[in-house]
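*Asks:* Build the complex: two chains, separate frames, hints provided.
What follows is the residue order along each chain.
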Amino acid sequence: MLAVLLGALLGVGGFTFQYAEGLSYLGAAPGVCINCHIMQPQYDSWQRSSHHGVATCAECHLPHELVPKYLVKGLNDYHHSKAFTLQDFAEPIRIKPGNSRVLQENCRRCHGDLVEAMVAGAATDPDAVRCVHCHAAVGHGETLGLGGRDRGEAAERSRR
Amino acid sequence: MRIPPTKYGAVAAFVVIVVGVAIAVGLVTALLINISARKAEAQTPYTRLVAVTEDDTDPTAWGTNWPREYDSYRRTATPTRTRFGGHGGSEAMPTEKIERDPWLKRMFLGYAFAIDYRDRRGHAYMLADQEATKRLSKPQSGSCLHCHASVMPLYRKLGDGDAVKGCEQSYRLSYQELNAMLREMGHAHPVSCVDCHDPKTMQVRVARPGFIVGIRRLAESAAAVPALPSVQAWREGPRQRPYDPNMDASRTEMRSFVCGQCHVEYYCGPKTPLTFPWGKGLKAEDIEATWNPTAFPDGTRFLGYKHAETGAEVLKAREGGATEDQLRTALELQRQAQWRLDVVAAENSMGFHAPQEAARLLGEAADLARQGQVAALTCQPPPPAKP
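Top line first, the protein sequences correspond to chains A and B.
For the first sequence, my numbering begins at 596 and goes up steadily by one.
For the second sequence, my numbering begins at 3 and goes up steadily by one.
Pulled out of the complex, with its shape left as it was, chain B reads as follows (with noise of 0.2 Å):
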């Protein structure tokens, strides 16, 4: 039998056609398998190379898994400044604010901000800034710990698995001697990751007990919680069991408790544990009403520190004739002052924060400064009388 020539040429092309087609569905699907691989990448960001637990504070280690975390971490050494503040661009100390204006080595006259008060640096070198300052050249706390490096490992070591037990306890302590047990137990890192994220789940949670605490203590007061309504959610509730932000409190809420473990006010001298003063409400008014009462296991009034300045002039005054009791309504006034003026130079040193907030406690200082002024100076000696 023969084929016609022409029946080879369709059986040709027939054949091409065939491998033709099969090769570009071959492709398509080979395309088809790629494109779907690229999509399941983008369903796992990121790949647990190593395991971190709660007791990993080396960011390095969780820097290995999600190093794009990391990277953004390690950005928190470069310099960065506004114009009113931050960091001047080398890797020497920065500027001393105490220099730069002089009148808040006065005010502060008494405490160790007197003595050195720089410029602030970014998380990274907030450890090491702590353990260079002069302050420390005074007795200080092992409170400071509490927001300088990676804790939470040496508070359940000193609370026997119990962190907020272990940080009541570390008052007691000296800075120095705080410090020797952490570097000891191998945390001597900055704020970290596992501050606050979740080693298994990389969940945003808080862990410091100053803020655990001192949230909860402000879930059972009634002062008004309009940006926290995880809060005033629970205050509704049964209230079986205390607050619990890591279980009470919405994503929202946690991105700014997170930063609030440790950018709030605090007290953390050697006299009474570390204190979240927020059982009378979040604002300065409310927080000088929880202070104002208090006392310390003394039994003396609770201060910051004692001003050395009006201190003597209180002694010359009274070599003026004027008594202790005319001049309490001056000091009492500077204390009011002072405590505005420097809730806003504590939490604002870069210029930013809350602008109308802070105008207005500026003008309450303002304010109650000139009254103090006027009181002081309405306490001296009436002039002799004339004959």
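Here chain A stands alone, though its shape is the one from the complex (with noise of 0.2 Å):
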């Protein structure tokens, strides 16, 4: 009776996580990321973006380091698959300060020699301007039309 009990819970399971593509996620193909339908029009416009033939989702979402890139794997990966069970987060989905700083430093792993005396402050003040701020099209493809939003001149000259 117990045999035949667990021998269920191990094959429901064991086809749960072949269905769901379990061991796709100890991979970094970018197509692991729309497992989940939700992250269609994200994976779609990085496609689009400047950046696509240079860096993949984990090489900007992700750190780098081993521990900590398994450590915020691993919180991503419970918290999209908790949301994405539940259905309980609000659309459209937007990245977390968490995250964000993440992302910041992935700038900068590449870009900072030139960016360095510009963003040093960054990491550490939470109202800091980050890279995407302005750049926001360069991993997510350009939602605008050509050149970019225009943000009038009268309003550029008074930002200076």
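Fair warning: there could be bad hints in the mix.
Said to hold, decoys possible - DSBU-like cross-link-like pairs, simulated, lysine-lysine; straight-line CA separation at most 35 Å:
hint : chain 1 : residue 1 : chain 2 : residue 2
1    : B       : Lys-41    : B       : Lys-99
2    : A       : Lys-677   : B       : Lys-140
3    : A       : Lys-664   : B       : Lys-99
Claimed, not checked - Listed below are several chain B residues computed to face chain A (Cβ distance under 8 Å; list not exhaustive):
hint : residue
4    : Val-17
5    : Val-20
6    : Val-21
7    : Ala-24
8    : Ile-25
9    : Val-27
10   : Asn-36
11   : Arg-70
12   : Ala-126
Unchecked claim - With the Cβ distance kept under 10 Å, some of the chain A side facing chain B (calculated, not the full set):
hint : residue
13   : Gln-635
14   : Leu-661
15   : Phe-679
Hint data in this document are derived by calculation from the structure and do not stem from the laboratory.
All C-beta atoms, glycine included, are put in the ideal place defined by N, C-alpha and C.
*Replies:* Next up, the structure:
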């Protein structure tokens, strides 16, 4: 009786794991991120972005050091699975502060030599302007027409 | 009969394990069904809440079914610019190009673009901007609506169901007349979802009669079409029916064709039906070769406009002794140079299209214009002979 029960658990569990493409989460292929369709717009817009040839989802959104990488990945995996299973999240989905810091770090990983003088405070100051505040389209495509949003010359000048 | 106390413990443990495993199996099954439901959602990315038809030109109806696509459509109202052009970031009308670059005004003298020629705004404004332009102070043909409104239902009405026929008649109506009909029918919207999407299947499709007739002429010509393999395939086939982009073209070609319904060179004046001049090919020289032997129905030579200033100079030069024959070369060269410059200006207001081809055409335009100047100078009367 017990053996039957445990076997059933193992069978259903194993099938569920395989059906949910559980093993794919051990890799870093961008296609894994659209195992859940909620990420489809993010995936589509990444394909249209200037960075799609040089950076994948994980390269921008996860730390590169071994332990922090799997820690952040594990936390994200947990939050995402819980939210998508229980459907208790608000759309449009948005990046959270912790992940935003990871992202900023990854901008600096490649572009640091060029921008270090500008963004030195960005790692510690929570109100610091992040790279993607202005360069919103580099990772997820041009959301506007040609040339990008025109904020108006007067507005640009007053901001200086 | 007495059960030993140890057996109570074993039974309890057994029950706990059974219940525990049962709950676990139940939860895993619930998760399995949940994943299955999420996967099923991915198979149906949209839900058709309202029916849309060929006559639904209002994009808000489509927006109910396809909210994300509608959101991005509405973003065409956002001001965008490059350092070469675009709209200046407010609800006011864009800057006058002819005031920023006065040479444009001089070049277009005799043409309505010398009256009002502004930077472009996004698709959302195409109809409003056309209705507001001061170019309408001159008589304008109904053909202009082909690319500034969701005009297909009106064409079908004019042509008794045949949009191509309806479009062919629309040049006879003034812009104001056709616009009033459009508004009366309730189709006064900028280019809309239905113009590029089949309302039944969402398939990308072309609808504009100008394009359909134009690309057919291109297919029937012998012009090289290295970028259009489906045209080549049609040419090599039995040719039992005309080339039809919606049947013959690949999806990749269609993604260019939908834009090509309007973002191309065409004639939309009041003397002949709207024409996409592709019967000899798509390059500037091919189109020039198409127009040059073309005559208007009244027998006069095909032209976009007659330049007001060089017209005046012709008279002045005549007084100086130059004949119309002598000036013909110079005016012909002006026509050729103007044509090349205009092809670049018209397709390139934001400064990004085909840089090599644009540079080639601009180089030719400068060369031809200079040749025209030389030709005009050599027309001057010889200096009076010295005694």
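*Asks:* Each hint: holds or not?
*Replies:* Outcome of the hint check:
Restraint check for Lys-41 (chain B) and Lys-99 (chain B): the C-alpha separation of about 52 Å exceeds 35 Å, so the hint is violated. Distance hint between Lys-677 (chain A) and Lys-140 (chain B) is unfulfilled; the C-alpha atoms sit about 65 Å from each other, more than 35 Å. For the suggested pair Lys-664 (chain A) and Lys-99 (chain B), the alpha carbons sit about 53 Å apart, so the restraint of at most 35 Å is broken. A least Cβ separation of about 11 Å between Val-17 (chain B) and chain A goes past the 8 Å threshold, and the interface hint is therefore violated.
The criterion of a C-beta within 8 Å of any C-beta in chain A is met by Val-20 (chain B), whose closest approach is roughly 6 Å, and the hint holds. Given hint, Val-21 (chain B) at the interface with chain A, is violated; its Cβ is 10 Å from that chain's nearest Cβ, farther than 8 Å. Taking 8 Å as the C-beta cut-off, the interface hint given for Ala-24 (chain B) holds, the closest approach to chain A being about 7 Å. Of the supplied interface hints, the one on Ile-25 (chain B) is violated, with its beta-carbon coming no nearer than about 10 Å to a beta-carbon of chain A, more than 8 Å.
For Val-27 (chain B), the shortest C-beta to C-beta distance to chain A is roughly 5 Å, which falls under 8 Å, so the interface hint holds. Because the closest C-beta pair between Asn-36 (chain B) and chain A is about 5 Å apart, less than 8 Å, the hint holds. Satisfaction of the interface hint for Arg-70 (chain B) is found here, the shortest Cβ-Cβ separation to chain A being roughly 7 Å, below the 8 Å cut-off. About 10 Å separates the beta-carbon of Ala-126 (chain B) from the nearest beta-carbon of chain A, more than 8 Å, and the hint is not met.
Restraint check, Gln-635 (chain A) versus chain B: the minimum CB separation of about 8 Å is within 10 Å; hint holds. Using the Cβ-Cβ criterion of 10 Å, the hint placing Leu-661 (chain A) at the interface with chain B is not satisfied: the shortest such distance is roughly 29 Å. Proximity of Phe-679 (chain A) to chain B holds as hinted, the smallest CB-CB distance being about 6 Å (cut-off 10 Å).
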